[in-house]
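Asks: Sequence:
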Amino acid sequence: MTLTQKFGKRGPFARVSPSVLKDQHVKRRSFLKNILSRLLKISAAIILVYPIISYLFYRKTRIRRVTFRLSECPGEISFKKEVYLIKKGNDLYALSAHCSHLGCIINFDQKTEKFHCPCHGSIFDIHGNRLAGPARRPLSRIPIEFDKDGNVLVKVRRTA
1476 MTLTQKFGKR GPFARVSPSV LKDQHVKRRS FLKNILSRLL KISAAIILVY PIISYLFYRK
1536 TRIRRVTFRL SECPGEISFK KEVYLIKKGN DLYALSAHCS HLGCIINFDQ KTEKFHCPCH
1596 GSIFDIHGNR LAGPARRPLS RIPIEFDKDG NVLVKVRRTA
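As numbered in this note's numbering, residues 1476 to 1635 make up the sequence shown, in order.
Bear in mind the hints are in silico, worked out from the structure with no lab data behind them.
Below, simulated EDC-like cross-link-like pairs (lysine to aspartate or glutamate); rule was C-alpha separation at most 20 Å, straight line:
#1 K1562 - E1588
#2 K1562 - E1620
#3 K1563 - D1600
#4 K1562 - D1584
#5 K1563 - E1620
#6 K1556 - E1620
#7 K1556 - D1622
#8 K1630 - E1557
#9 K1630 - D1566
#10 K1589 - D1600
#11 K1589 - D1566
#12 K1562 - D1600
#13 K1589 - E1557
#14 K1563 - E1588
#15 K1630 - E1620
#16 K1562 - D1622
#17 K1586 - D1600
#18 K1562 - D1624
#19 K1563 - D1584
#20 K1556 - D1584
This one's a predicted model, so the numbers in the text were calculated from it and none came from an experiment.
With the hints as constraints, model all of the structure from the sequences given.
Replies: This is the structure we're talking about:
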């Protein structure tokens, strides 16, 4: 087979006619328009559907009160329903019993006066500051209130 038979009279290196180039340009332009329109449609769908999905999977936050009677607190540290109440001298504060790493319930070691997370080994001091382990933040301090009888009220927020 000769080149003339394969490519016609003009050969393989002949110039391409402007109409062929124009057709290719139109195809590329329509392709880009098509891609852009699809991206815009997908973005619009996400913007419209996201509020509906977030509403369906909304996790309700419940506030529950934990009451400590100071007369019944045995020592410096009392634990009740995911809250540690700490009396140190004149200071009185509450710490969350959830590790700031992944939310495991922490334990208090009386000998070392440190909080230990049994899940991943994070260690916190008596004030809730992180000493070691994978946790990056200190334990959460929880505001306390006093009722008319002198009991300590702690409001614990939990998501359901």
